[in-house]
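The listed protein sequences correspond, in order, to chains A, B and C.
Numbering (the numbering used here) for the first sequence: 1 to 109.
Numbering (the numbering used here) for the second sequence: 110 to 618.
Numbering (the numbering used here) for the third sequence: 619 to 1120.
The hints are simulated quantities; they were obtained by calculation from the structure and are not laboratory data.
Cβ coordinates follow ideal geometry from the N, Cα and C atoms, glycine included.
Keep in mind that a hint or two might mislead.
Straight-line alpha carbon distances no greater than 27 Å define the calculated DSSO-like cross-link-like pairs of lysine-lysine that follow [unchecked claim]:
1. C/Lys922 / C/Lys982
2. B/Lys502 / C/Lys922
3. C/Lys724 / C/Lys649
4. B/Lys574 / C/Lys724
5. B/Lys502 / C/Lys982
6. C/Lys978 / C/Lys922
7. C/Lys724 / C/Lys978
8. B/Lys422 / B/Lys574
9. B/Lys574 / B/Lys502
Stretches of chain B that chain C covers, calculated by requiring three or more beta carbons in the stretch to come under 8 Å of a beta carbon on chain C [unchecked claim]:
10. 531–540
11. 549–559
12. 595–606
Example chain B residues on the side facing chain A (calculated, C-beta under 7 Å, incomplete) [claimed, not checked]:
13. Arg146
14. Gly183
15. Leu273
16. Arg285
17. Gly291
18. Met292
19. Leu295
20. Leu303
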Amino acid sequence: MSSVDMYLLSGVAVFAVCAYALVVHAHLVRKVIAINMMGSGVFVLLTAIARRGESIDPVPHAMVLTGIVVAVSATAFALAVVRKLHETTGSAYLPEEGEDAPPNSGGER
Amino acid sequence: MTGAFSSINWMLAPVLVPLAAATATFLLMGLRGRTRRMAQNAIGLAAAVGIAVSALALWAMVSGGGPVRYELGGWEAPLGINLYADGLSVFMLLTTAVVGAAGSVYTLGYFSGREGEDVRRREYFQDETGSFWPLWMFLWASMNGMFLAADAFNLYVTLEILGLSAAALIALGGTRMAFSAGMRYLMVSLLGSLAHLLGVALLYGSFGALDLATLGESASPIPPVWAALALISLGMALKTGLFPLHFWMPSAYTGAPSAASAMLAGLVGKASFYLLLRVWFDVFEGSVPPGAGQIFGVLGAVAIVWGAVMAMKQTRLKTLLAYSSVSQMGYLFLVFALVAGASPERGFEAWAGGIYLVLSHACAKAAMFMAAGVVIYSVGHDEIPRLHGIAQKLPLAVASFAVAGMTMMGLPTSGGFTAKWLLFSASLGTGQWWFGVVILLGGVLAAVYLLRFLNPALIQVRTAKVYRDAPRSMTVAAFGLSLFSLFLGLASAPMLDLLAVGGPFGGGS
Amino acid sequence: MGWSAMLPLLVILSSAIASFVIFFLDDDRLKLRQTIYLGGQVVKLVLVLVMLRGIYFEEDYELRVPILPGIDFLLRVNELSMLFLVLSAGLWLVTTVYSIGYLRGKPHRSRFFGFFGFSVSATAGIALSGNLFTFFIFYELLTLATYPLIVHRDTPEAMRIGRMYLVYTLSGGVVLLAGVVALQLTAGAVEFTPGGALTGNEAIGAVLAAIFFVLVAGFGVKNAFVPFHSWLPAAMVAPTPVSALLHGVAVVKAGAFGIVRVVHEIYGLDLAQTLGVLLPLTIIASVTIVYGSFMAMFQDELKKRLAYSTVSQVSYIALGISLFSLTGSVGGIVHLVHQGIMKVTLFLCAGAIAETLGIKHISKMGGVGRRMPWTMGAFALAALGMIGLPPMAGFISKWYLGLGAIEAGQPWVIAVLVTSTVLNAIYFLPILYSAFFGKPSEEVAEAPEPEGRFETDPLMLFPILTTAAITLLAGVFAGVEISPLGWSEIIAGRGTDYEPRN
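When you get a sec, could you build the whole thing from the sequences and use the hints?
Now the structure itself:
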């Protein structure tokens, strides 16, 4: 197994592990981190793909760079929403299904 | 065509116009109060007109001369960005143009609420920061960009912009529920697009190409392709809300401001479905493993029934509509089962039927959410048991709801009728009559859950208290869009001709 | 597109546009509303008569617009269309005049007349459809247009029944849709053709036979075949003019008319006989006829009794059509018209009695005949026609049905007809007896004296007398070529060597 294959596999592994983490962790910051790292897994994979041929392929690099930009903004936005949620509800967890509608919120009788 | 007309780049306009409008309205956020609102409204409406015109121009171009391709800045693929428009792309552009235009008009009234309103309301009806227009324009640009994207990676980029702006629009509601719904949608959306990205990476690793056409030529039924297909399908099924991955839909559509709910339910879910169609039928047409379509088909059939049954149990109008969407999204996924192994003629029927449902459901569901918004604006809530006799006070909103409901029921002359006719015909023609049964059953169930609201709304015994009248732009946009959806069935012939341009199955018969 | 292509469309639009406009009028704009509405009706009636003359002289009216690959929106006029169209346009006028009197001073009249007109437009579309696809479109539109009429009273009870009505008719609609699509896939684009469009398709007979039953089941819901009939008696919650329209021309008749179209112009009698699908239809119709008459006996509410009577009488149409005999077909087709006129008369009378005296139950009808002689006279005329007494219209129908049964070699059908006739007599004659000769009930005794010259609102009385007169005339002048009977003989005889009997 070459070192490139190592990177290929570890990229996929990071993606899978973090997808698992995203599902099992309830705390929103952990979820955000998990998503962020899932992206990183894909980036590792892409960088490894770029290394496979004789010469280095620039296209995956371009993709990774674009991907990083997207990941940064997505993470920033997600953290902002988590903070807003924490401000309004005092909790950094998503309410369970069905608890979304607070009792008699809004609407006059 | 005159020189001035033809010198405009109609391929670029559907993306550039909303992008420019997004930037301009974003910069205007620095202003305050009425000035800002007027300026943003003007720019937004101008952009809506511009998009509609360019979509129509593209329609003429593609119908006349077949699919068109454009290399951005003259750079060739893979490093350059290519745009590609065939009948399906233009069809989707027209869909967003119609629904988007109505939605834009709707927001004029929707966000006219005065600041410091005394009642603690379910929705706020004001946009204190002026961030609706920039977000909405980014959303629109990302959808149009997706429909014109020629390579798999640009699909990813547009998908991300789409998800981020949609999540922000949900959170814009400003209520506790809006924040949690926005957060949940954001997770779902990011997960979906990352799954897509991993799939794209696998494809690039296998074939060294991103261009959809090139991928389509080189794709073969090998394990990495199946893995990529599975990842992309899973991600997009999640974002489209296929049962049982629809868990985010009820809270997202209910928590968002109604103006945003209309666009989310009408358009955003359809964009990821478009991506799925592209990947399945343009790229992997020959390499989809047998039986894969059946999985989608069966889940879709379950969604049709389950969503309808859940819709019957809801007490809030917007939640009812959200579950109705779960049911209607199910129809779309029947396409994959119906196309598998079908003759070109039946295949085209199924494929076109699904896409026609995208258009008609987009118009109808958006109109219904707009109508729900009018109800909330006027009454302050959308709890069905407390909406008795509302039809007397809000006749146009209830009429919009009923007229748009005809598409859900699949009755003529609505677009839903055409779509369900095509899907049903394909299900009988391919011998999969059990899907046909579900298709027809779904229509009757839709009647039952829509009457859950319409019956009390029409009764005259008790009348819900109306707090204030909704601005005319809201009711007119809702009613206009619902009428449009009602007469879509009569316009099927030219629309199907358009879909046949450059589409799979050689355009059917 | 020439004049002859636009005419069918104009017939449909004339009532639709007039109805659409009045939606936007306030309830108080009485004069304007009536002018527009009656104007639309007169325009429609004139157009229909122009077309009737054209059809008589064998001109063609056809409008064809492609909708889907291989599927056209097709309006095409033939003799059968005209029969139904004249019936609907004529009875619309009559019931509208009646409704103006009936609804005087009541709320939501704009809405009522608007949807009333839409229903008639949909009925006209059903009459003029040139293929099953177009037929289906108008068939579903009719369902939607009648729903607001059924729930017109806006009570929770009306809403409950409205939901029941929608679920029944929409379910029938989807079954019909299944049949239409299946036929399209099996036999390609099939258009209504006198003598049968599918002739020569014996090779795929088994599939066609199966599709036949799907189509009949689809139509059977509106046609109120047992066991799909429960919505019809329940729908009595609607205002009386609506019931009259529903029973006389619109909903129930649309189902019956569809069956006529399918048997005569899609399959053709010969093919249907070869496939062996006629006998089951005869049996279903017979069961419905007897069951409906039987149930009618036990209803005390007048409108309910009339409703069960409709269940029974409408199936005469399917019965006649299902006999392998052109004479029987004539009987079935002519009953399409005769039943319409008679049943409208009965309902309008029931409405007038309920509005004037507040009587809705048969047990309280003693003496009504002395208080409202004209109305009850008309009622008697129509009821005797229903029983089949010569020279009323109903006699003609039953006579031809009986002859057809013998021709078709199904003499047992005569027994069905006789049973039904006896039951008809049992549930109609006591009403007449007590109304004219019975002891006046409390309600009749306490009812106020009529205000004007007439026993009830003249706008209600004159339509009743008109339809009652037609009931009589259609029977007496049945021998004339342009009578309903003469026209039905032309219809049944197309594409065959059938010789009219008179």
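Each hint, compared with the structure:
{"no.": "1", "hint": "C/Lys922 / C/Lys982", "verdict": "holds, 15 Å"}
{"no.": "2", "hint": "B/Lys502 / C/Lys922", "verdict": "violated, 34 Å"}
{"no.": "3", "hint": "C/Lys724 / C/Lys649", "verdict": "holds, 15 Å"}
{"no.": "4", "hint": "B/Lys574 / C/Lys724", "verdict": "holds, 24 Å"}
{"no.": "5", "hint": "B/Lys502 / C/Lys982", "verdict": "violated, 41 Å"}
{"no.": "6", "hint": "C/Lys978 / C/Lys922", "verdict": "holds, 10 Å"}
{"no.": "7", "hint": "C/Lys724 / C/Lys978", "verdict": "holds, 19 Å"}
{"no.": "8", "hint": "B/Lys422 / B/Lys574", "verdict": "holds, 24 Å"}
{"no.": "9", "hint": "B/Lys574 / B/Lys502", "verdict": "holds, 9 Å"}
{"no.": "10", "hint": "531–540", "verdict": "holds (count 5)"}
{"no.": "11", "hint": "549–559", "verdict": "holds (count 6)"}
{"no.": "12", "hint": "595–606", "verdict": "holds (count 5)"}
{"no.": "13", "hint": "Arg146", "verdict": "violated, 23 Å"}
{"no.": "14", "hint": "Gly183", "verdict": "violated, 17 Å"}
{"no.": "15", "hint": "Leu273", "verdict": "holds, 6 Å"}
{"no.": "16", "hint": "Arg285", "verdict": "holds, 5 Å"}
{"no.": "17", "hint": "Gly291", "verdict": "holds, 6 Å"}
{"no.": "18", "hint": "Met292", "verdict": "holds, 5 Å"}
{"no.": "19", "hint": "Leu295", "verdict": "holds, 6 Å"}
{"no.": "20", "hint": "Leu303", "verdict": "holds, 5 Å"}
Of the numbered hints given earlier, the model fails hints 2, 5, 13 and 14; all others are met.
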